[in-house]
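K.L.:
The primary structure of each chain is shown beneath.
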Amino acid sequence: MENTIGGQARSQEKYPVLEMRNIRKEFPGVLALDNVNFILLKGEVHILLGENGAGKSTLVKIISGAYQKSAGSLVLDGEEIEIKNPRQAQRLGISIIYQEFNLIPELTAAENIFLGREFLFSPGIIDQKKQNLEAQRLLDDLGVTINARHFVADLGVAQKQMVEVAKALSLDAKIIIMDEPTSALTKKEITELFTAIKHLKERGVSIIYISHRLEELSEIGDRVTVLRDGKHIGTHQVSNLSEDDLIKMMVDRELTEQYPKQRQQIGDEILRIEKLNRRGILEDISFSMHQGEILGVAGLLGSGRTELARAIFGADKIDSGKIYIGGKLQQVKNPKNAINLHIGYLTEDRKTEGLVLDLSVQSNVCLASLEQFSKFGVINPKREEKTAFKYVNDLRIKTPSLNQKVLFLSGGNQQKVVVSKWLCSNAKVLIFDEPTRGIDVGSKVEIYQLMNRLTASGVGILMISSELPEIMGMSDRVMVMRQGMIAGIYNTDEVTQEKILQDALGAVSYAV
Amino acid sequence: MQYKEFILHNARQFGTLFGLFVLIILLWILTPHFLTISNLLNVAQQTSINAIIAVGMTFVIIAAGIDLSVGSIMAFSGVVLASALEAGLPLPIALLISLAVGMVCGLLNGLFITYGKLPPFIATLGMMSVARGAALLYTQGRPISGFAEDFRSFATGEILGIPTPVIIMIGVYIIAHFVLNRTKLGRYTYAIGGNEEASVLSGINVKFFKTMIYAICGMLSGLAAIILTARLNSAQPIAGIMYELDAIAATVIGGTSLMGGEGRIVGTLIGALIMGVLRNGLNLLGISSFVQQIIIGSVIIIAVLIDMALKKHRK
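Those protein sequence lines, which keep their order, are chains A and B. Under our numbering, the first sequence has 481 at position 481, and the numbering climbs by one with no breaks. Under our numbering, the second sequence has 67 at position 67, and the numbering climbs by one with no breaks.
The following block holds chain A by itself, in its conformation from the complex (with noise of 0.2 Å):
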């Protein structure tokens, strides 16, 4: 798609600060970008926008220096540079304003925006005088009411944002990235973060601008490029677009046949879940699934998907709420609870949460079920050698033996290996969050294959996905959550993925 930067008067002023050529990312077994152009113009807000993994994370740490690019080109002000850490970066007047705030709250605002370069009147002793005045300037020009002085600890999530951003400016930066500034922050805060970032415009900095708020693009954007599935997808003034526009560019995708679905006899109800509330998480959760069926669970970062999953499987507390399996109320106060009923949790991150990586293979297997192996305490090896033997075999898990460490598989191999696990605990409701995620796509078929296995048998899968064709290509019914909530719940058959993703971002509220 064209750029529409040549050919407008202004484009005389608003000259390249920064031009990523054809940049490619790779990470082993993903393509995280995949030839993407991308250009920042002096003094512009430039909306970066995308689904979960469309690759906008990973752009920016290229630019910020967190990550290396494997292929293209970076020019900054006219010169081809290589950025190779995050220092250099700043060096280069490049900020990044993360979600999670790097300021040290003991210390206070102008302590701050100095750290490492404070200003000294001989070796060894600071300036405070000096030094709060220049940080008061600084936060001044932004336009806010942060006295220099006062505790980090004590400043609202958009003051620090705002300190941030002043110590972004202490460090001349030219452009500044922001990443989803607004989702901690209340209305009357938004409105002083884009007063702050007009500032910013005036001054002649660029800024690269996360967000998922598409009602926010019309008020602060100047321009937007949308990523999907690691490419460039296009560039456009935001005025020249509308809502639907942006969601169509982000989901655009013809299906393809990678997902081996099969559909299965949807049986009795295996799990219903009424009324689940936790404060502040998740509120008034209130859904069914059935034996052989895969409800898929949709919804951006942050919507309560795994939160949900762990409060299904008794691993957060709830506040309040039923939790019927197999049409029976049951009570989940814990992990060990909700395996004895059957239900089997793969988590998000198998490396931190699903697996012991010094274990071995077999020991991972049956990690969940050592209660089936053993009398009073005592394993019995050879039961536990045939069953973890079983499952290797039957699923297919590539190790050179039992004994390996699960540390040296393959992620998709790894996978399995937490799937066998509650296979091994006769899980007959499963939750698998991301259950595809950092795998190669061989083993990722292996996997849905997997899932139609389970589904045939009578299990029910609850699968929580950021990959929209996942959910479409897998599920037999879509749950989509939003801010802790159910924003809908749709047959597979009888919803698009720009639906999925107006219910995802709240976006319908706006749009009518």
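None of these hints come from the bench; they were simulated from the model. Check each hint, because a few of them may be wrong.
[To be verified] Stretch-level coverage of chain B by chain A, calculated; a stretch enters the list once three of its residues show a Cβ under 8 Å from a Cβ in chain A:
hint : segment
1    : 175-184
2    : 191-203
[Said to hold, decoys possible] Straight line, CA to CA, 20 Å or less: simulated EDC-like cross-link-like pairs of lysine to aspartate or glutamate:
hint : chain 1 : residue 1 : chain 2 : residue 2
3    : A       : K336      : B       : E5
4    : B       : K207      : A       : D316
5    : A       : K42       : A       : E19
6    : A       : K499      : A       : D252
7    : A       : K351      : B       : E197
8    : B       : K184      : A       : E371
9    : A       : K444      : A       : D349
10   : A       : K382      : B       : E197
11   : A       : K317      : B       : E197
12   : A       : K351      : B       : E196
All values derive from a computational prediction rather than experimental measurement. All residues carry an ideal CB built from backbone N, CA and C; glycine is no exception.
Got chain A sorted already, so can you dock chain B onto it with the hints?
P.N.:
Below, chain B alone, put in the same frame as chain A:
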């Protein structure tokens, strides 16, 4: 397990064993007194107390914890044991009391760590001081000495020429090896140390098993107290100072990772023997105890440096 795989999976332990052999050969060359049956039995006997405490330490460290209180707990168990013997309680009861005192101290450690959510370093640092103070208070700072021959035989006796403490040590190691490799408790010890979050999410009652591990560690300190008291024919409230460091050293030299999740009980035995052999050899060579401290400290650092370098190489 295949023969080849066995070697591969225990490469670290074979490495430590090799270190021990090198040390033994070195000392054999340097002093004729070293490689005699009586001296070797002597080494084994001297090693037994540290080796037994180090078993508990190995469990704790595999579970990604640490226990600084083992020396103090041993002293406290020792003085309570001595007073029980002095009061004329039957020997088996007195022994059980010694084990129970150690176990209760360890249990408290475990409860503070799991339910109180204290870092193990802090909880056991506190217990180190509390148990030491309790031992001093209990005895008013004076040792309790002079016991009957049947009790003293725990240190002086021998079966088939092997000193009783060595037999006890071997027994403890066999049981510990079995527990670590063949029981749920052992498996969960590795799992908790390797990945606590994954353990919770696999339905393991992490708090219960962690508490058990510290209780076992305390109980083994109580067992060590029996041997020490019998050997010295006296229970000293200031006994066992710095024993925690010897136990940690033996564990770490034996290849247990301070990060948790990894370690073998056999490695710890070899580690304890290396320390015992080193001390004994340096004594035979007439090297001053000041220099000995420097050498032993250096050995600990070098052992771990080599271990880390090898691990990096493997990855």
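K.L.:
Compare the structure with each hint and give your call.
P.N.:
Cross-check of the supplied hints:
Counting residues of the segment 175-184 of chain B whose beta carbon lies closer than 8 Å to any beta carbon of chain A gives 3, which meets the minimum of three for the stated coverage. Residues of the segment 191-203 of chain B lying with their CB closer than 8 Å to a CB of chain A number 10, which satisfies the three-residue condition for coverage. A threshold of 20 Å between alpha carbons decides the hint, and for A/K336 with B/E5 the separation of about 34 Å lies outside it, so the pair is violated. At roughly 16 Å between alpha-carbon atoms, B/K207 and A/D316 fall within 20 Å of each other, so this suggested pair holds.
Only pairs whose Cα atoms come within 20 Å are accepted, and A/K42 paired with A/E19 is accepted, the gap being roughly 11 Å. Among the hinted pairs, A/K499 with A/D252 is consistent with the structure: their alpha-carbon atoms are about 12 Å apart, no more than 20 Å. Distance restraint check for A/K351 and B/E197: the Cα-Cα separation of roughly 10 Å lies within the 20 Å cut-off, and the hinted pair is therefore satisfied. Restraint check for B/K184 and A/E371: satisfied, since their Cα atoms lie roughly 8 Å apart, inside the 20 Å limit.
For the suggested pair A/K444 and A/D349, the alpha carbons sit about 16 Å apart, so the restraint of at most 20 Å is met. The hinted pair formed by A/K382 and B/E197 fails the criterion: a straight-line CA distance of about 28 Å is larger than 20 Å. About 16 Å separates the Cα atoms of A/K317 and B/E197, which keeps this hinted pair within 20 Å; it holds. For the suggested pair A/K351 and B/E196, the alpha carbons sit about 12 Å apart, so the restraint of at most 20 Å is met.
In summary, the structure is inconsistent with hints 3, 10 from the numbered list given earlier, while agreeing with the others.
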